[in-house]
Structure formats: structure tokens, C-alpha cells
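Enquirer: Starting from the structure of chain B, add chain U where the hints point.
Here is what each chain is made of, one letter per residue.
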Amino acid sequence: MKVLDQGVNPIFMDPDPDKAREFFRKKPRAMTDKRMTEKEVVEKFIPDGCYLGIGGFGANRIPTAVIHEILRARRKNLGFLGHTSTHDFELLCAGKCFNRLDAAYIVGLEARGLSPNARRYMESGEVKVTEWTNYSLAARLRAAAEGVSFGIVRSMLGTDTFKMSGAKVIECPFTGKKFAAVPALWPDVAVIHVHEADMYGNSVFRGISVADMELARAAKHLIITAERLVTNFSIRNNPTATSIPFYLVDAVVEVPYGSYPGNMPYLYFSDEEHLAAWMKVEKDPKEFEKFLDHYIYGVSCFEEYLERCGGLKKLKELQKLETLVEK
Amino acid sequence: MALEYNMMEMMICVASRYLEDGKTVAVGTGAPCAAAMLSQKTQSPNLIILFEAGGVAPMLPQMPISVGDSRTFFRAVMAAGMIEMMTTCSRGQVDYAFLGGAQIDKFGNINSTVVGDYYKPKVRFPGSGGANDFASLCWRTMIMTVHSKSRFVEKCEFVTSPGFLTGAGAREEAGLPEGGPYKIVTDLAVMGFDEKTKAMMVESLHPGIEVEKVQAETGFKLIVPQKVERTAPPTDKELRILREEVDPLKLVIGRA
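Protein sequence lines correspond, in order, to chains B and U.
Heads up: the first sequence begins at 4 in the working numbering, then just goes up one per residue.
Heads up: the second sequence begins at 1013 in the working numbering, then just goes up one per residue.
Derived from the structure by calculation, the hints contain no laboratory data.
There could be a bad hint or two in this list.
What the hints assert, rightly or not - Computed from the model, here is a short list of chain B residues facing chain U with C-beta under 7 Å:
1) Asn-63
2) Ala-107
3) Ile-109
4) Glu-113
5) Gly-116
6) Pro-119
7) Arg-122
8) Gly-128
9) Glu-129
10) Ala-141
11) Ser-158
12) Asp-163
13) Gly-210
14) Val-213
15) Pro-268
Quick reminder that beta carbons are idealized off the backbone N, C-alpha and C, glycines included.
Pulled out of the complex, with its shape left as it was, chain B reads as follows (with noise of 0.2 Å):
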């Protein structure tokens, strides 16, 4: 195969797929009792300088909890898959947490706006950056999913994103026409907040799956946070709904309204006051250390930090919101 042109940056991890089969040859396949905390999970699964992706899309069934513990062990050097991020980049951003970075939809909060700390953060050049779009990083996770070396999509041809890439323009086979080739991805870690999950792993979440199918079976490693903790007969007795299998998974942590402040499907809308409140801080430094202190370092575990958001109040009014009751 032909190539014609290539990417200037770096490919962060190594595509090669028999080193990943070799890995997941060993990975546990045993129906053990997962469950643990978001500090054991960190500890366990998420040391300093390893690459990290998080599920669903920015401010929606986001693993907030495991973020802010990632924060609060002062996590570092990490690489991170910058894939439709945007409160979670913001979070990583705020610990300055990784110094390499995948990056498809990054900075910006959507209709939002950008965030001012992380603009701030990502032209610092302390980061290095390799350009990708959301097609080709999920394009990235599927090769890897399946055990391949890379995949084929014909996105960002003739563009400054493919130049900023890793990919490279091949001629195919068959038909001589050109596509971009993007190299398998298989993060060290992912975390992905589900609606239920059993204490093997087998989870179930309901509505949009973004790229987690593909991310839950690229990574080496998969943390569950769950919003509810159910028996394995619940699974058993609709295997349908299951979107991932406990033998993907290392470790599952229970945590209700673990999305917050971002949206979850069914059960409460994302908080835009308090994503609000972040955009506005962080415009100053000094204001943006005493707000991470009230609201991450300074609070011990997710429940007192959903305590000072406002608590179970708060999350009926959110709850009310995503239902479209009337107030």
C-alpha cells in the first residue's frame, strides 16, 4: 500500500496489535467482585503519565467523580484523548493534569462559550498537541476495538487538521482512490459513567453511546462509575440492554448523580449555573485557586461536593428539568 503524505505529530501510543492482544491475553476474565472506590480506582489504575480517556460527550454522562479525584491525587504528565471533551477538559485542565494530548473537540463548553483556563492552559505550549477530528479519534478507538492497526476514514484530506495529525494519506488497494489512514488507539485507561452496572462490571446505559462502545473495548484498563449498583440477575434478565461486559472492565465505583454537573439521560439535566459559575472564575486566577479549593481540593469526597452545589435539592430541581416536568 502506497503512501502519499503523513501528519507531522506525534502518535502518542503504540498501534501495535499483536502488543495489544499480548496485553489483553493476560487481562483477568475471572466474574470477580469489582467494586471499589474513586480513590482506590485511582490509585490502582491511573498513575502519573498514563493515557487516559474519559466517555460520553463533555457535559454528559461524564464520570465527574473520578476526574475530581484524579485532580485531587494531583495527577500528572498524563496523555488524554481529547475526544468531544468539555467539562472534563475543563477539569483536567484545572490540575493541569496531562502534558500530551489527542485533540478532536477540546476548550470550548459548546453553545457555552470557551473556557477561559483552559484557552489559557492550552497556549501555554506546555502541552503537545496532535490534531484529530471526532470521526477519525472514534475511527481510532474502532481499529483498536477490533484488533487492528489502523482504520480508514476519508475525513480530513487536503486539510491543516491532517497536517497537524499522525495520519497518513494511502492509496487504496482496489480502487486506487485515496483515504486516510488513522492509527489504532489504546488508551491505558478509560473511565465511562453508565445508569447501572453490576459488581462484575456488566453495565447498561441508556440513550446516545457517543464512542463508548468503541472506548470501552480499546482500553486496557476501564473504570465504571454507575449510577446505581444492580444484582447480576437485573442483567441476566434483559442481556439486550447490556453495552459492556464485565470482562472489559477492572474496577466498578457507585456513585448517584456521578454526571454532575453534567446531564444524565433520563434522570437529571447538566447544571448550567454551575457550569456557568466555572467560565466566569476562571477569568481569575486567583478567584479560579479559591473556587477549585471550595469545590475539588478542599472537599473529601463527591457527596460533600454535590452538597455544596446545592445537594438534593439542587438535583430534584435538575431531575425536574430532564423529565420536562413543570416546576
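Expert: Positioned in the frame of chain B, the structure of chain U alone reads:
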């Protein structure tokens, strides 16, 4: 006496008219989503709205704030994922995509990544997200933006998403499938692209706007054909539906 309107309402109403019934459109949040919703409630009841995160043909109860929030698949026919949506574009089943950006150049290329040096940027923007994928893979790219010289530049500092790249034949040469920018709707005019050169061309001037004004707000020479249309102003019906049904909280139309 016709209703008064602001420039955001103007842009949304005009953009909504280009979306044909029975076609598919991939939208983001904000003005593009408002245009698609308005089109559904006026001329194109069977317009199919798609969101890149996985929402397929939702019955949108209100404007989403994220292309992945639960509104984007409210009473949808399917809640899918990124791969499903993007492969649908790639195999040629998505007719329109709506994009925005910090800069747009005369061949309809878009910059939403960076201003200044890539490695030490003056301003870092979000990057492609799904925009490059849509601009590469959908049949027709629509762009909605405010018209200004700083936005409409001769050449983008960074081409995030492809328009016609360097002009006629460049998309084909790069390996991109047929497609490219179709209409650019601004607060002043509607622009299209010259069939031969693929350079930007004025097609329709909004009420009260002359071509000199559009040129003055554009950082490159626009093609002006002999006959330039006049944009029909928003109708009372369009404005009423936009204000009462599409965006009652004025999340988008309040921004003008």
C-alpha cells in the same frame, strides 16, 4: 405592518429556506439547530435532523445546549453513536451539514482551530470536533456567520474543515468525495460559489444592504454576478414560529 426582526432572526429564517423536505441535515447547537427546527415547522415537515453524538430524528422539545445532551434524542427514532452518524455521512446519506468558525476564506475553507503559531497559539479554539468530518463527507455544507472583515479572510490561518481547498479540482485531488460548501448565510447576504473557479460569490442581498457594504466587510474580492437577488425578508409566520415554538427562551435569537 410586517413584524420587525433582528439580524439573528433574519439569518435563521433565510437559512431555514434552503433545507428541503425529506432531506437529512446534521446540525450543531445554536443558530443552525434553530434553522433546522424552523424549517421543520414551516416548509419541510419531513426534514430529518441528525446530531453527531448519536441523536437521529428527535422531536426536539426545545433548543439543545450540547449536541450530546438528552434533548438531541428526545423521542428520537434512534439513539446511536458517533460511528453510526459519521458512517452515515461517509456513505452519502447526509444532504446538509451546518458549520460555523472563526475564519472563512474565499474557497469556503473554515478555521476553528487556532490563530497564530500552531505550537504556541495566540488563540486556541476547539478544533474540528465533527466539523471537518461533516465538511468532508456531507453533500452540501451550509455556513451561518456574522459578516465581518476579520472573519471573511483571503486565506485561513489554519484550514480546519475543507471548503473547496485551493479552488477548482482541489477536493478531488485531495481524495475528498463530491461535496463542499453550498450557501453561506450572514447578516448581510447569502453567498454561493462560482461553478468554474469555486470562489465565493454574492447571490442574494438582504433588505437594505448594497453589494458595496458586503464587499467592505469581506477581506477578499467577492465575485459579483450581473444579477444579484434580493433576499425576501422573514415573514410574519416564520418569525412567529421562531419566537413562540423554536426559541421561546431567546437562547439564540436573543443574542443579536
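Enquirer: When the nearest CB of chain U is found for Gly-116 (chain B), is that gap smaller than 7 Å?
Expert: Gly-116 (chain B) check fails; min Cβ-Cβ to chain U is 11 Å, beyond 7 Å.
Enquirer: Holds or violated: is there a CB of chain U closer than 7 Å to the CB of Pro-268 (chain B)?
Expert: Pro-268 (chain B) check passes; min Cβ-Cβ to chain U is 4 Å, inside 7 Å.
Enquirer: Let me know if the C-beta of Asp-163 (chain B) comes in closer than 7 Å to any C-beta of chain U, holds or violated.
Expert: This hint holds: Asp-163 (chain B) lies near chain U, its Cβ roughly 5 Å from the closest one there, short of 7 Å.
Enquirer: Min Cβ distance, Gly-128 (chain B) to chain U: is it shorter than 7 Å?
Expert: holds, 4 Å
Enquirer: Please verify that hint: Ala-107 (chain B), Cβ, nearest Cβ of chain U, below 7 Å or not.
Expert: holds, 6 Å
Enquirer: Could you check if Glu-129 (chain B) really has its C-beta closer than 7 Å to a C-beta on chain U?
Expert: violated, 10 Å
Enquirer: Holds or violated: Ala-141 (chain B) as interface residue toward chain U, Cβ cutoff 7 Å?
Expert: Holds, about 4 Å.
Enquirer: Using 7 Å as the Cβ threshold, decide whether Gly-210 (chain B) counts as touching chain U.
Expert: holds, 5 Å
Enquirer: Under 7 Å, Cβ to Cβ, is where Pro-119 (chain B) needs to be relative to chain U, so tell me if that hint holds or is violated.
Expert: With a minimum Cβ separation of about 11 Å from chain U (threshold 7 Å), the hint on Pro-119 (chain B) is violated.
Enquirer: Holds or violated: the hint that Arg-122 (chain B) contacts chain U, with Cβ atoms closer than 7 Å.
Expert: With a minimum Cβ separation of about 6 Å from chain U (threshold 7 Å), the hint on Arg-122 (chain B) holds.
Enquirer: Holds or violated: Val-213 (chain B) as interface residue toward chain U, Cβ cutoff 7 Å?
Expert: holds, 5 Å
Enquirer: Under 7 Å, Cβ to Cβ, is where Glu-113 (chain B) needs to be relative to chain U, so tell me if that hint holds or is violated.
Expert: holds, 5 Å
Comparing the model with each numbered hint stated earlier shows that hints 5, 6, 9 do not hold.
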